[in-house]
Amino acid sequence: MSARFRSAAEDAPWARALLALAAVTIGILILALPLAAVFTEALRRGWGVLRAALAEEDTMAAIRLTLVVAAIAVPINTIGGLAACWAIAKHDFPGRRLLVVLVELPFSVSPVISGLVFVLIFGAQGWLGPWLQARDVQIIFALPGLVLATIFVTFPFVARTVLPLMQEQGREEEEAAATLGASGWQIFRRVTLPNIRWALLSGVLLCNARAMGEFGAVSVVSGHVRGMTNTMPLHVEILYNEYQFAGAFAVAALLALLGLVTLAAKTVLERRGRRA
Amino acid sequence: MTVEAERITRRFGDAAALDGVDLAVREGELVALLGPSGSGKTTLLRVIAGLEGTDAGRLRIAGQDMAGVPARERGIGVVFQHYALFRHMKVADNIAFGLDVRPRATRPDRAAIADRVAALLDLVQIPELAQRYPDQLSGGQRQRVALARALAIEPRLLLLDEPFGALDALVRRDVRRWVRGLQERLGITTILVTHDQEEAMEMADRVAVMERGRIVQFDAPAALLEHPATPFVAGFIGDAAQLPCRIAGGVAHFDPLPIAPLPVSLADGPGTAFLRPAELLAEPGGSAVVRLLRPQGGGELHLVVEAAGQVLDARAAPGTRLARGDACHLVPRGGRVFPGAT
Chain H
1 MSARFRSAAE DAPWARALLA LAAVTIGILI LALPLAAVFT EALRRGWGVL
51 RAALAEEDTM AAIRLTLVVA AIAVPINTIG GLAACWAIAK HDFPGRRLLV
101 VLVELPFSVS PVISGLVFVL IFGAQGWLGP WLQARDVQII FALPGLVLAT
151 IFVTFPFVAR TVLPLMQEQG REEEEAAATL GASGWQIFRR VTLPNIRWAL
201 LSGVLLCNAR AMGEFGAVSV VSGHVRGMTN TMPLHVEILY NEYQFAGAFA
251 VAALLALLGL VTLAAKTVLE RRGRRA
Chain R
1 MTVEAERITR RFGDAAALDG VDLAVREGEL VALLGPSGSG KTTLLRVIAG
51 LEGTDAGRLR IAGQDMAGVP ARERGIGVVF QHYALFRHMK VADNIAFGLD
101 VRPRATRPDR AAIADRVAAL LDLVQIPELA QRYPDQLSGG QRQRVALARA
151 LAIEPRLLLL DEPFGALDAL VRRDVRRWVR GLQERLGITT ILVTHDQEEA
201 MEMADRVAVM ERGRIVQFDA PAALLEHPAT PFVAGFIGDA AQLPCRIAGG
251 VAHFDPLPIA PLPVSLADGP GTAFLRPAEL LAEPGGSAVV RLLRPQGGGE
301 LHLVVEAAGQ VLDARAAPGT RLARGDACHL VPRGGRVFPG AT
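Here the protein sequences come in this chain order: H and R. By full-length UniProt numbering, the letter at position 274 of the first sequence is numbered 274, and the numbering carries on one by one without gaps. By full-length UniProt numbering, the letter at position 303 of the second sequence is numbered 303, and the numbering carries on one by one without gaps.
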């Protein structure tokens, strides 16, 4: 007669099965099903309709604009996030704790409010509005405003992904490198950066996914000028509101696909990172 | 290379980690900074390395003032407590790092660096580990890599921060003898931080005992044992028991403890005595009781006795008839007595 003993932390088999079932059900209902719905809806009328919808002029403009905004915002946030992490994890200075809080600020403030702040500063009635108008510089309802809003909303992604790892790794390796004669830049490039490279890549991808998908803040500063200041998420909304379901779902599917590719890349990178 | 520290002070907030430290290290000497944790020994080492700033005082290395000279320009080899090996680099790349980062004008060519790395791997006796990563090494192997990496820049001064702390006791004794031999062979001035007095006494030419940000005594190991400058040093070195006593007529009395009087040359009044186990000889008869005993070889016994509610370590001479539970008293063969109660 053989008895099977359970460890103290192990739940009963029926409890484990129930929990797993609940988690999988919720995952399918809330996460996978809507995504699948977007793709089936987009493909329902066939590839031809989908391709035609995407080839529409305003849609192409929205795709281009989204890529341009991400291409500017992501590198800036990568450098800015890295600088913030480097400062917080490797140095002591007055205001260090404040910086930690500031890094997380965009996560806790509603994106709509961040958008409004930029309108308040740069808009025609805003603080810098008259000064900018006099010099013929357009920030709100133009590309600079979209980029600024996107940078603000997506700033924490790189910093929050990299910072815990940097703090865990401490400063000893950097100090050792300094005693061996390395300059600040050499220390960063040859010691700090290689130690965080997988976390950094994963943070950049998350930042990119959010930069392409951001709606709230961008919606406030965009002005929704078709073919000019509409990014993909805004374009989806406009098409949907105009009952152009084929176009709306086509753009939505493309946006979702970009997100999924990002997620897949991140997963692969994290696996490699664990092995390295 | 000489190291001269004058009145070095370093504060963290209100607390002074270093409080006016003076230290003069001679060429080729191995000096140990010994003290309990929080005594400032690691801070002093970091100040010398250039990793920590000072609030006051002056530091000269080889006669040159170090004010404003950053760590990377000091040419000092440092072995960190947890070795701080570059985790993403192979052992050979770790060792080559200090040469690789030199400006082009002074950087040896690839072949010369490879030769130097190979020579250093031989020196620290791990040539077979060149292609391993740090997380594939044992503690002792990592320590050798850290030492080779520090030596690669041909440092004028070597700083070791608790270098044996992460090794288990058996390995530790071998490694520290080996390091001491290597240091003597290379003739490199070395400063070692440790909280282990056995390590300090065995390895160092001179030991600086630190207490609360100050160096309280800087002397050869034998002198520290025989002539401790303060009660702190007397208590910290040599596992001495600290006992209150009363001095009268050139003799220290320990009653109510059953310890025979000890002649001293101090004025009458209260005193504090520091007696090592080897200085307390147990003899049969008296108010102390033998609780434990351990043969020391050669017939000598190490005893743990209880007297007046206090537990003391003592020795019994060969031939003394004492067993567990027997009554005894103690006769001091020597000891250090300081005036005043503590």
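Hint data in this document are derived by calculation from the structure and do not stem from the laboratory. Quick caveat, the model's predicted, so the values are computed rather than measured. Some clues are possibly wrong.
Result set (BS3-like, lysine-lysine): computed pairs, CA atoms no more than 30 Å apart in a straight line [what the hints assert, rightly or not]:
hint: 1; chain 1: H; residue 1: 90; chain 2: R; residue 2: 90
hint: 2; chain 1: R; residue 1: 90; chain 2: H; residue 2: 266
hint: 3; chain 1: H; residue 1: 266; chain 2: H; residue 2: 90
Exercise for the section: Starting from residue 90 (chain R), check that the Cα of residue 266 (chain H) is at most 30 Å away, please. Expected result: holds, 26 Å
Handout entry: Agreement of residue 90 (chain H) and residue 90 (chain R) with the hint, judged by alpha carbon distance not exceeding 30 Å
Key = holds, 24 Å
Problem - Pair hint outcome, residue 266 (chain H) versus residue 90 (chain H) [Cα-Cα no greater than 30 Å] - result: Measuring from Cα to Cα gives roughly 26 Å; hence the hint holds.
Of the hints listed earlier, there is not a single one the structure fails to meet.
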